[in-house]
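Visitor: Letter by letter, the chains look like this.
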Amino acid sequence: MKRFEPRKIGLALIAPAVAILVAFLITSLVLLVMGDPVMDVWRTMFQPPLPRHYVAMLNSATVFYLSAVAVAIGFRMNLFNIGVDGQYRIASFAAAVFAGQAWLPGFLNIIVAIIVAMATGGLWAGIAGYLKVKRGVSEVISTIMLNAIATGLVSWLLAKARDPESIGSNEVHTRTIPESSQLEGLALVPGASQKVYTLLLLAILVGFAYWFVLGKTRFGFDLRATGQSETAAVASGVNVKRMTMTAMVLSGAVAGLVGMPLLFGVYHNYGTTFQPGLGFAGIAIALLGRNHPVGIAFAALLWSYLEVQSNALQIQAHVSKEIVFIIQGVILFAVVIAYEVVRRAEVRMEQVKVARELAEKEQTVPAGQGASA
Amino acid sequence: MRQTRKFAAVVAAAALALTACGSDSSEEPTDTGTADGTATSSDTAEPMSDVKVGMAYDVGGRGDQSFNDAAAAGLDQAVAEFGIETTEATAVDGEPESAREERLQQLIDAGYTTVIAVGFAYAPSVAKVAAENPDVHFALIDSTDAEGDNIANLTFAEHEGSFLVGAAAALKSQSGNIGFVGGVQVPLIEKFQAGYEAGAKEVNPDITIQSTYLTQPPDFSGFGDPAKGKTAAEGMFQAGADIIYHAAGGSGGGVFTAAAEAGKQAIGVDSDQALTAAPEVQDVIITSMLKKLDVAVFEFIKAEVEGNFEAGAQEFNLAAGGVDYSTTGGKIDDITDQLDELKQKIIDGEIEVPTSPAG
Numbered sequence: 001m002k003r004f005e006p007r008k009i010g011l012a013l014i015a016p017a018v019a020i021l022v023a024f025l026i027t028s029l030v031l032l033v034m035g036d037p038v039m040d041v042w043r044t045m046f047q048p049p050l051p052r053h054y055v056a057m058l059n060s061a062t063v064f065y066l067s068a069v070a071v072a073i074g075f076r077m078n079l080f081n082i083g084v085d086g087q088y089r090i091a092s093f094a095a096a097v098f099a100g101q102a103w104l105p106g107f108l109n110i111i112v113a114i115i116v117a118m119a120t121g122g123l124w125a126g127i128a129g130y131l132k133v134k135r136g137v138s139e140v141i142s143t144i145m146l147n148a149i150a151t152g153l154v155s156w157l158l159a160k161a162r163d164p165e166s167i168g169s170n171e172v173h174t175r176t177i178p179e180s181s182q183l184e185g186l187a188l189v190p191g192a193s194q195k196v197y198t199l200l201l202l203a204i205l206v207g208f209a210y211w212f213v214l215g216k217t218r219f220g221f222d223l224r225a226t227g228q229s230e231t232a233a234v235a236s237g238v239n240v241k242r243m244t245m246t247a248m249v250l251s252g253a254v255a256g257l258v259g260m261p262l263l264f265g266v267y268h269n270y271g272t273t274f275q276p277g278l279g280f281a282g283i284a285i286a287l288l289g290r291n292h293p294v295g296i297a298f299a300a301l302l303w304s305y306l307e308v309q310s311n312a313l314q315i316q317a318h319v320s321k322e323i324v325f326i327i328q329g330v331i332l333f334a335v336v337i338a339y340e341v342v343r344r345a346e347v348r349m350e351q352v353k354v355a356r357e358l359a360e361k362e363q364t365v366p367a368g369q370g371a372s373a
Numbered sequence: 001m002r003q004t005r006k007f008a009a010v011v012a013a014a015a016l017a018l019t020a021c022g023s024d025s026s027e028e029p030t031d032t033g034t035a036d037g038t039a040t041s042s043d044t045a046e047p048m049s050d051v052k053v054g055m056a057y058d059v060g061g062r063g064d065q066s067f068n069d070a071a072a073a074g075l076d077q078a079v080a081e082f083g084i085e086t087t088e089a090t091a092v093d094g095e096p097e098s099a100r101e102e103r104l105q106q107l108i109d110a111g112y113t114t115v116i117a118v119g120f121a122y123a124p125s126v127a128k129v130a131a132e133n134p135d136v137h138f139a140l141i142d143s144t145d146a147e148g149d150n151i152a153n154l155t156f157a158e159h160e161g162s163f164l165v166g167a168a169a170a171l172k173s174q175s176g177n178i179g180f181v182g183g184v185q186v187p188l189i190e191k192f193q194a195g196y197e198a199g200a201k202e203v204n205p206d207i208t209i210q211s212t213y214l215t216q217p218p219d220f221s222g223f224g225d226p227a228k229g230k231t232a233a234e235g236m237f238q239a240g241a242d243i244i245y246h247a248a249g250g251s252g253g254g255v256f257t258a259a260a261e262a263g264k265q266a267i268g269v270d271s272d273q274a275l276t277a278a279p280e281v282q283d284v285i286i287t288s289m290l291k292k293l294d295v296a297v298f299e300f301i302k303a304e305v306e307g308n309f310e311a312g313a314q315e316f317n318l319a320a321g322g323v324d325y326s327t328t329g330g331k332i333d334d335i336t337d338q339l340d341e342l343k344q345k346i347i348d349g350e351i352e353v354p355t356s357p358a359g
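So the sequences go chain by chain: A and B.
Residue numbering for the first sequence follows my numbering, beginning at 1 and increasing consecutively.
Residue numbering for the second sequence follows my numbering, beginning at 1 and increasing consecutively.
You can take every hint at face value.
Capping the alpha-carbon separation at 30 Å, the derived lysine-lysine pairs in DSS-like fashion look like this:
| hint | chain 1 | residue 1 | chain 2 | residue 2 |
| --- | --- | --- | --- | --- |
| 1 | B | 128 | A | 160 |
| 2 | B | 331 | B | 264 |
| 3 | B | 128 | A | 195 |
Short derived list, chain A residues pointing at chain B, Cβ under 10 Å:
| hint | residue |
| --- | --- |
| 4 | 152 |
| 5 | 155 |
| 6 | 169 |
| 7 | 193 |
| 8 | 272 |
| 9 | 275 |
| 10 | 320 |
Source of the hints: derived by calculation from the structure; they are not laboratory data.
Just so it is clear, CB atoms sit at the ideal spot from N, CA and C, and this is done for glycine as well.
Okay, chain B solo, but in the shape it has when bound (with noise of 0.2 Å):
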């Protein structure tokens, strides 16, 4: 398997430099995942329910070890409670807007009627094909731009999960100087520096902040290029910064590079990085900031199952079990106590934790 990727890497990278003597984007060749996703399905429980449900994911696919990859633990949780029958498509980068639009009208046509899109960068292609096939289900991620009565969107509050790595982080932080990076400057990606940066001040109001962002919309490299995550990481601790919390998926890599190499700590997003990013670098990360993608794919797909389809928008929260820290390596149990308990006056509204950052 990885050698056939490894080929065809090599093969799709030869035809790419043909086509385009190399374009900026990052055309990965997705994986095959899809026919192993489907041989899953049946292998496992005997259907119990006739949902059929379609995943489209952005660009990277399965495989990411990121935003995608979290989605599709979702599903295949779904399929090994349900038995339910799927299929996967996946973005590719540079595809006009009507290439989206007929993957999910593909999905339909193929009797998959509860299509679940993956990331921000579909809203108006769902918006379009919802508003086409009414009975069909759809569940759209991290965007309310698309609404609809078939319509469900899906959105964490990132900032209740990054306002407690924050507080972890100044909490932890021995020269009272913390760093954040922001893979593009994106509303999303905003969240995460909002709510990091009031989580850091409630434990230390005095506390520096440097935050970055590494490249600004449409500039999407931001995302998947550790080389500057690590340049900007570096230019922190430089400045003084001993811990460092990235929002900034692939690039991220790079931040957790510059914290081995500079003897210093940093901050994991959206899985647990302690686990899932490279083994020589997992000892720097102290926590990492947990969105859910899988449990709120999981979620809804369970309300379809027991017929239960919501429409509208569905934000994850810190009180739905959406968004949370990590504790894998250990490295804040002596502060366990306060982020719970932090977590607890967010759960009961006695701290309310911004959205868009100050100033």
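For reference, chain A alone in the conformation it holds in the complex (with noise of 0.2 Å):
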């Protein structure tokens, strides 16, 4: 079964280039019908990017990564975790509050702080998780509604955690964390004088330990089990509902990551301009890599390529960026059906492999009969 297949894999790239394809189109009609001009778009979003458009892909990426991969973890346990939202900002909150005290030095504050920011995250996730586990309600109801819980909660707390030098500016913000615990980011693509986050390391950390311990673990396989089949999971002997708990609890932490590349490289405090809405970036990202640890990282930087490539177009071709959420939309509305009709073809192309090496075997019995049976 495991053997390669170079027609399967084909099949999985169809998918996407071919959503891409139909996003292509749909989004050109679009601009056709509203008199835009098509062509200068085209150009302004496929121009060769700038060094520092480099830098700022590369950074998009790494929370759009980061915040994919929370929700990936719970799609692969057939959780629907659209609660990232709110873990991320709840957590990129504590662990400003948290770094800004400077209680450690240096490093030391930063490593500390993101252990902050996983266990917050994993806690406002583990509220979902304990209520379907103990009252069986939805984890999409209560995410969403932590997510609004989310937004009152940091609201509250940051009008008390107000960093004094901040009074009197529009921007409400935390206590600065100390120079020696920022974190300065990497000089990656020569000729920006712009930074990558030094973060992206741990991004390509989380990335690894997600591919690890989802495909080389036995919590791993019990965690996919229990997605696929939840009866076939309790048969071979799963606590389900210590997987629903864990898996959730899981997501949580890492979405609590998402808000750590920010914090540490640009922000430097949690305030009224931290970064809002990543969670739901990482909805889409995670369905258009399909879960997996590389093709998130592909969807990661085709999100922040379309999102960096944008800016110039309100300027080079005096059309509004917001088209931008059209071309996501339909990648994201194409690559699902794709997807679905790429696995019909798939379950089509096993059937008939099947029937022919059945047909093989057994002469006598008819190639359809044999499929079905």
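From the two separate chains plus the hints, produce the assembled complex.
Guide: Have a look at this one:
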């Protein structure tokens, strides 16, 4: 079964390629209908990025990736964690408050703050996990609610934990973390004065851990098994409730990491301008990347490419930047359909193959019956 | 145009729903005014100046009938007067900090060496980009958080204008009970509250003032949620208020609706809302606190055209005509003498208006 099959891999790659093509066509159509300059838009979107754009892409992709992995952990277990958004915001806030106190020196401060973020995110997601396990509350509902609660809670706490120095400014934020704990970034891209987030390394580490834990451990097997068939998992001795709880907490813990590159690399505090909405982007990217650690990385890069390249749209093509939302939305829509089409094609291929094999073995049995048996 | 915009809204909403399952942000497609803007610049007066102005709006952009539109009006006036070349770009809700920097840098790369950043959210990005482009002149509206030799910080004395409408509310109130609805509790909006309360107390020391804010930062929905504004205003009217002043951007529409339903009155903000608000509620607006962003933007561009760029904080106060009150509708014609007297006292420095609320 695990044999290398070029046809299968080809099919897997066709789906996203077709989706992107469809998005390209539909967006062109929308632009055409609205009387916008179609060619200018694509010329702007596909112009070669400058060094600073590569930096921005890598940086955006880093946070997108973390967010998508958090969502994917839930997906693999058949849990729809829509709460990544609230989880990363509340976790970033907690980590910012902790790091801002500067109880620990330099690098140690960063490490412990990251642990604080993971714990907070895990705890927040754990509420939804607990409700699901003990009360049967759908995690979709509870995590959406928890997003709203996180917004309110952080607003309220931010007023209390406000940096006294920011009073009088319209930017309300927590105490800025000491310079020794700020990460300056890596000069990865030659020719750019901007730096790539140091915590890009964290994203790579998380991706690797995700691949290893889910693909190579007993725990990962149990988790995937539970996601695919709960009854089968129970039959093979998996404690489904405990798995649900663990998966939810893990998803939340990774969600807690989403804001860390931003906190230590850009903002250095949690305030009113801290980037919102990353949790929702993560859902889209996890879907597009099919929950695969490498697939998600490509999806995150595609998303950040679209985001960064669209910055020039208003100025160079005189078209609103929001056109990118259409592109992203259509890609997602098309990719979900394409994956389903490909899945059916795969099933059919499998059936044909099995039928052929059976037919070869038992010449007397008609192929059609063999396949359906 | 309207149809296309509606279509864009539907498509964008669909796309959003797909990508985000609906985030709480208010992503409105900005219109294609950009193209229109540049078109006008070439149609009207022939270029008299080689100043090229790049405008970076905050979320909402041109067409928001409020803050950004007021700034756009100043730009349009400058285009008509000086025939300058302009281009515009608008922020998107939920974008990363790097996108704001990129927007400013894009404007500069496209040759727009006078950049106007509309709104305090641009402060960090202006600080960064201005340092990297010392030859470019920046105007940062509503914020003094970013400073530099090439940054002009254009701020307003909202407290002084609010003082006058506060006095108007106290003079017009029959119940001796008035209200203030702020959008989001940030220092900028507290300036409105402080001035309003001081103005009301100036003419009637015994007046009751109910003040509230719709949301706390970082929740900025208080600037764009009419339902919240309506609920808050209804509560105040039921508690005896008969005039409410709002400094809540788009939420103000709800305050006007509540006033219309309760048969009470309201005071507008930023622009002359007796003209710009929905027609059915215009009648309840007795006056508006005018924050003349258009004046600030126009004056800044004028200085640029004349080669008189001036860095640092410039406050557009009552004396400079940066803030004022409106008289559209004739509802406060009987008290304008008293208000103008107070205005003169503020200009002369006889009255000093506080910038943060007492207590």
